[in-house]
Amino acid sequence: MHVPDGFLDAPTSIATGVVAAAGIGLALRGARRELDDRTAPMVGLVAAFVFAAQMVNFPVGAGTSGHLLGGALAAVLVGPWSAVLCLSTVLLVQALLMADGGITALGTNVTLMGIVGVGAGYLVFVAVRAVLPRRPAMVVPAAAVGAFVSVPAAAAVFTLLFAVGGQASVGIGDVAVAMLGWHTVIGLGEAAVTALVVSAVVATRPDLVHGARPLLAASTLEIRRPGAPAGAEVAG
Amino acid sequence: MGAGHGRPGGGLTLHHAGASRVHRAPAHLKVLALLAFMLLVVAIPGDAGWAPEAYGVAAALVVATVLVARVPLLFVLRRMVVEIPFVVFALLVPFVAHGPRTTLPVLGLEVSAPGLAEAGHLLATGTIGVAAALTLAATTTARDLLAGLARLRVPALLLEIMGFMLRYAEVVTGEWSRMLVALRSRGCEPRSPRHWPALGRALGALFVRSYERGERVHLAMLSRGYVGARPAREGAP
Chain A
0 MHVPDGFLDA PTSIATGVVA AAGIGLALRG ARRELDDRTA PMVGLVAAFV
50 FAAQMVNFPV GAGTSGHLLG GALAAVLVGP WSAVLCLSTV LLVQALLMAD
100 GGITALGTNV TLMGIVGVGA GYLVFVAVRA VLPRRPAMVV PAAAVGAFVS
150 VPAAAAVFTL LFAVGGQASV GIGDVAVAML GWHTVIGLGE AAVTALVVSA
200 VVATRPDLVH GARPLLAAST LEIRRPGAPA GAEVAG
Chain B
0 MGAGHGRPGG GLTLHHAGAS RVHRAPAHLK VLALLAFMLL VVAIPGDAGW
50 APEAYGVAAA LVVATVLVAR VPLLFVLRRM VVEIPFVVFA LLVPFVAHGP
100 RTTLPVLGLE VSAPGLAEAG HLLATGTIGV AAALTLAATT TARDLLAGLA
150 RLRVPALLLE IMGFMLRYAE VVTGEWSRML VALRSRGCEP RSPRHWPALG
200 RALGALFVRS YERGERVHLA MLSRGYVGAR PAREGAP
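Those sequence lines, one after another, are chains A and B. At position 137 of the first sequence (counting the first as 1) the number is 136 in numbering that gives the first Met the number 0, and the numbers step up by one without a gap. At position 23 of the second sequence (counting the first as 1) the number is 22 in numbering that gives the first Met the number 0, and the numbers step up by one without a gap.
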């Protein structure tokens with residue numbers, strides 16, 4: 000759910016707007032390093048993919064359904080800088096052309112879902128990947144843990160913002176319990192979907208998974224001739 | 000399937016074609032006006048005695064803009080459903096907020112008095128925000144919006160990414176809906192958790208297809224002389 004207008008007071012909204020602008024600025028530079036002149040079409044297409052993936056609803060019980068946020072998923076698939084740009088672009092388009100998320104809350108939404116969601120998801124992913132065996136298949140559990148943490152992490156930062164600039168006299172403890180409890184459940188769904196998608200991509204095109212690149216053994220071209228003993232390689 | 004190619008954003012955005020004064024106004028002014036207007040609305044102190052009148056004036060301004068733009072009110076109203084989850088939250092606030100209790104005249108329920116005022120404030124700003132943003136979306140094409148944002152000094156690379164996203168969002172979502180039709184025709188029920196693995200594989204395939212499409216688009220751009228920045232479109236500001 001996107002933060003709407005009037006939820007946080009104006010100073011908090013402006014402060015998160017500055018954070019969001021700085022984060023996007025850094026991400027633009029980082030993505031240029033990752034992708035060079037491929038940045039615009041590649042990030043644009045992956046943003047379109049995130050946009051489509053967010054339309055996939057999955058039931059979370061009690062008649063409500065949640066959808067993928069995709070921060071951790073995008074970070075694992077295309078790298079953290081590009082993922083920040085993807086999520087921010089999707090949020091910008093949703094706020095300006097689809098009235099989803101208030102325009103004064105745009106900075107808050109980009110900070111929460113674009114920067115905190117992607118950042119926390121990717122950092123946890125890298126940490127978990129470092130302790131697991133160095134095999135491409137281990138990207139899947141690492142991505143799941145990253146996705147699981149990314150959702151409550153964004154909710155925790157929202158709770159902090161609410162404590163600073165909230166526009167309702169709801170006890171901050173109540174907000175924290177409700178936000179973290181609910182988003183832990185959503186995080187489980189996020190983790191399941193992220194793991195399924197990442198495992199599908201790792202199985203078919205592991206070279207496309209940014210988070211799996213350090214684990215891929217350098218593969219050499221191998222020409223096998225029918226009739227030759229198995230494993231016999233032809234030089235050149 | 001090519002519907003989205005010509006018009007960035009095509010049928011996904013909420014544009015309502017027209018030639019009114021609001022439609023023709025420069026997009027950067029509309030975005031700035033929306034931002035300034037919403038900052039003012041958010042700054043209305045919810046507990047002030049004149050707050051209801053201020054919200055009334057703001058709402059009347061939005062309705063007036065919609066009328067001047069000749070966008071049917073029903074068009075805007077129908078799309079305000081995006082607000083529903085937030086309305087549910089606002090309605091809960093009086094029950095969980097602190098402060099002196101007060102009794103609702105109609106239902107006889109005990110609720111928090113400041114919570115009631117805050118719920119009103121949240122509902123008013125949220126509703127005005129959604130209606131105002133819908134007015135911008137209904138009267139501005141994606142292309143005009145991108146040109147307007149360029150005037151507001153939004154980084155060119157970010158705008159180029161936005162342009163690509165809008166241009167291909169409909170292609171990618173169209174591809175996804177065709178994949179869903181294929182899944183359903185094989186007996187998959189996407190809403191059931193039992194079929195999540197199939198859904199996950201399909202989404203993975205959608206990512207690979209989107210990524211590869213991005214690579215093809217990039218190569219096509221290179222073959223047409225792309226050197227890292229899109230040339231200015233003829234006739235565009």
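Hint data in this document are derived by calculation from the structure and do not stem from the laboratory. A virtual CB, placed ideally from N, CA and C, is assigned to each residue, including glycine. It is possible that part of the hints are untrue.
Stated by the list, open to error - Derived coverage of chain B by chain A (criterion: at least 3 residues anywhere in the stretch with Cβ under 8 Å from a Cβ of chain A; other residues may be distant):
(1) 36-45
(2) 90-103
(3) 108-121
(4) 155-163
(5) 167-175
(6) 187-200
(7) 205-218
What the hints assert, rightly or not - For each label pair, taking beta carbons as the anchor points, the in silico distance ranges come out as:
(8) A:Ala129 to B:Leu38: 40 to 46 Å
(9) A:Pro10 to B:Ala47: 43 to 49 Å
(10) A:Pro10 to B:Arg100: 51 to 57 Å
(11) A:Leu215 to B:Ala155: 32 to 38 Å
(12) A:Gly180 to B:Ala112: 22 to 28 Å
(13) A:Ala202 to B:Leu90: 41 to 47 Å
(14) B:Pro196 to A:Ala21: 36 to 42 Å
(15) A:Val176 to B:Ala47: 51 to 57 Å
(16) B:Leu76 to A:Pro132: 55 to 61 Å
(17) B:Leu38 to A:Gly170: 25 to 31 Å
(18) A:Gln53 to B:Arg23: 41 to 47 Å
Claimed, not checked - Derived, one-sided and incomplete: chain B residues facing chain A with beta-carbon distance under 7 Å:
(19) Ala32
(20) Leu33
(21) Thr124
(22) Gly128
Going through the hints against the structure:
Judged by the Cβ-Cβ criterion of 8 Å, the region 36-45 of chain B is covered by chain A as claimed, because 6 of its residues qualify and three suffice. With 5 residues carrying a beta carbon less than 8 Å from a beta carbon of chain A, the region 90-103 of chain B meets the three-residue requirement, and the given coverage holds. Remark: the region 108-121 of chain B is confirmed as covered by chain A, as 7 of its residues place a Cβ nearer than 8 Å to a Cβ of that chain, reaching the required three. Counting residues of the region 155-163 of chain B whose CB lies closer than 8 Å to any CB of chain A gives 7, which reaches the minimum of 3, so the coverage claim holds.
With 7 residues carrying a beta carbon less than 8 Å from a beta carbon of chain A, the region 167-175 of chain B meets the three-residue requirement, and the given coverage holds. Proximity of the region 187-200 of chain B to chain A, defined as three or more residues with a beta carbon under 8 Å from a beta carbon of that chain, is established by the 8 residues found. Coverage of the region 205-218 of chain B by chain A holds. Counting CB-CB distances below 8 Å, 10 residues qualify, and the rule asks for three or more. At about 44 Å, the beta-carbon gap between A:Ala129 and B:Leu38 stays in the expected band of 40 to 46 Å.
Taking 43 to 49 Å as the suggested C-beta distance range, the pair A:Pro10 and B:Ala47 does not conform, at roughly 18 Å. Between A:Pro10 and B:Arg100 the beta carbon distance is about 30 Å. The supplied range of 51 to 57 Å is therefore violated. About 34 Å separates the C-beta atoms of A:Leu215 and B:Ala155, a value consistent with the hinted range of 32 to 38 Å. At about 27 Å, the beta-carbon gap between A:Gly180 and B:Ala112 stays in the expected band of 22 to 28 Å.
In this structure, A:Ala202 and B:Leu90 meet the distance hint of 41 to 47 Å, their C-beta atoms being roughly 46 Å apart. Checking the proposed 36 to 42 Å range against B:Pro196 and A:Ala21 shows it holds: the Cβ atoms sit about 40 Å from each other. At roughly 31 Å, the beta carbons of A:Val176 and B:Ala47 sit outside the given window of 51 to 57 Å. Range check, B:Leu76 to A:Pro132: Cβ separation about 56 Å, and the 55 to 61 Å hint holds.
Hint check: B:Leu38 to A:Gly170, Cβ distance near 28 Å, so the stated range 25 to 31 Å holds. Checked against the hint of 41 to 47 Å, the pair A:Gln53 and B:Arg23 fails, with Cβ atoms roughly 33 Å apart. Of the supplied interface hints, the one on B:Ala32 is violated, with its beta-carbon coming no nearer than about 11 Å to a beta-carbon of chain A, more than 7 Å. The interface hint given for B:Leu33 holds, since its Cβ lies 6 Å from the closest Cβ of chain A, which is under the 7 Å cut-off.
With a least beta-carbon distance of about 3 Å to chain A, the hint placing B:Thr124 at the interface is held under the 7 Å criterion. Here the hint on B:Gly128 is kept, as its CB sits about 3 Å from the closest CB of chain A, short of 7 Å.
Hint compliance for this structure: hints 9, 10, 15, 18 and 19 are not met, and every other hint is.
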